[in-house]
Amino acid sequence: ETGVTQTPRHLVMGMTNKKSLKCEQHLGHNAMYWYKQSAKKPLELMFVYSLEERVENNSVPSRFSPECPNSSHLFLHLHTLQPEDSALYLCASSQDPWTGGYGYTFGSGTRLTVV
Amino acid sequence: AQSVTQLGSHVSVSEGALVLLRCNYSSSVPPYLFWYVQYPNQGLQLLLKYTSAATLVKGINGFEAEFKKSETSFHLTKPSAHMSDAAEYFCAVSDKGAQKLVFGQGTRLTINP
Numbered sequence: 001e002t003g004v005t006q007t008p009r010h011l012v013m014g015m016t017n018k019k020s021l022k023c024e025q026h027l028g029h030n031a032m033y034w035y036k037q038s039a040k041k042p043l044e045l046m047f048v049y050s051l052e053e054r055v056e057n058n059s060v061p062s063r064f065s066p067e068c069p070n071s072s073h074l075f076l077h078l079h080t081l082q083p084e085d086s087a088l089y090l091c092a093s094s095q096d097p098w099t100g101g102y103g104y105t106f107g108s109g110t111r112l113t114v115v
Numbered sequence: 001a002q003s004v005t006q007l008g009s010h011v012s013v014s015e016g017a018l019v020l021l022r023c024n025y026s027s028s029v030p031p032y033l034f035w036y037v038q039y040p041n042q043g044l045q046l047l048l049k050y051t052s053a054a055t056l057v058k059g060i061n062g063f064e065a066e067f068k069k070s071e072t073s074f075h076l077t078k079p080s081a082h083m084s085d086a087a088e089y090f091c092a093v094s095d096k097g098a099q100k101l102v103f104g105q106g107t108r109l110t111i112n113p
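From first to last, the protein sequence lines stand for chains A and B. Residue numbers for the first sequence follow the working numbering, so the first one is 1 and each next one is one higher. Residue numbers for the second sequence follow the working numbering, so the first one is 1 and each next one is one higher.
This is chain A alone, in the form it adopts within the complex (with noise of 0.2 Å):
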């Protein structure tokens, strides 16, 4: 399998449960990335791992919390949200994040509904 692939394509969730999303990448790239794309707001960017290694978190609330545990996998883990975070979670990847000419590859997205 090619390209970069998110699990599960959706998720209901009460405010009280833990779950979490996966991504997993089969392109050899180096950085990968978490989004936040909510309804008529604009892509929020929420971590960055470069080589494993978390290099950006943009303020992004405790209850959301990052795993890279290698290039090719990353996870978000999910505990006591609230409805607000109701949103389509991307997951993207990069060749090279330090040259910035590749751009990125995105998986189809989680979308996710906090109930």
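Any given hint could be a false lead.
As the list claims (entries may be wrong) - Think about it this way: if two alpha-carbon atoms lie no more than 27 Å apart in a straight line, the pair counts; the simulated DSSO-like pairs of lysine-lysine are:
id, chain 1, residue 1, chain 2, residue 2
1, B, Lys49, A, Lys36
2, A, Lys41, A, Lys22
3, A, Lys41, B, Lys49
To be verified - Here are the computed distance ranges between Cβ atoms for each label pair:
id, chain 1, residue 1, chain 2, residue 2, range
4, B, Ser80, A, Pro69, 44 to 54 Å
5, A, Pro69, B, Thr55, 35 to 45 Å
6, A, Val115, B, Lys69, 48 to 58 Å
7, A, Ser20, B, Pro79, 41 to 51 Å
8, A, Ser20, B, Gly16, 40 to 50 Å
9, B, Pro79, A, Pro61, 40 to 50 Å
10, A, Glu44, B, His82, 29 to 39 Å
Note that these hints are calculated values from the structure, not bench results. C-beta: ideal position from N, C-alpha, C; glycine also.
Model the placement of chain B on the given structure of chain A, informed by the hints.
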């Protein structure tokens, strides 16, 4: 810091008409520029990118964009719209050496039959 402005959150054209989606960036040096397309409930797909080679860049699905340094613009065009072009389009910019893309707010393209 880099920023991107997409003029018009919603553009509507008739099938067969010219598509023009506008993007302006702020940068003191020529950056890398990208256009992405997003279909409903999907991720973003790269349409085309400018990386300081030819200023007129051709992408997938008949789209092209022209880098104009004097206007700090990177507008996306397609000569003849097709119903399948209905989607959201995002312009993005990256500085050389930057570790992230900065995205515009997106333009929703509607095609009228």
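Right, here's what the structure says about each hint:
| no. | hint | in the structure |
| --- | --- | --- |
| 1 | B:Lys49 to A:Lys36 | holds (23 Å) |
| 2 | A:Lys41 to A:Lys22 | holds (23 Å) |
| 3 | A:Lys41 to B:Lys49 | holds (24 Å) |
| 4 | B:Ser80 to A:Pro69: 44 to 54 Å | holds (47 Å) |
| 5 | A:Pro69 to B:Thr55: 35 to 45 Å | holds (42 Å) |
| 6 | A:Val115 to B:Lys69: 48 to 58 Å | holds (49 Å) |
| 7 | A:Ser20 to B:Pro79: 41 to 51 Å | holds (45 Å) |
| 8 | A:Ser20 to B:Gly16: 40 to 50 Å | holds (46 Å) |
| 9 | B:Pro79 to A:Pro61: 40 to 50 Å | holds (46 Å) |
| 10 | A:Glu44 to B:His82: 29 to 39 Å | holds (31 Å) |
Figure legend: structure checked against the earlier numbered hints; every hint is met.
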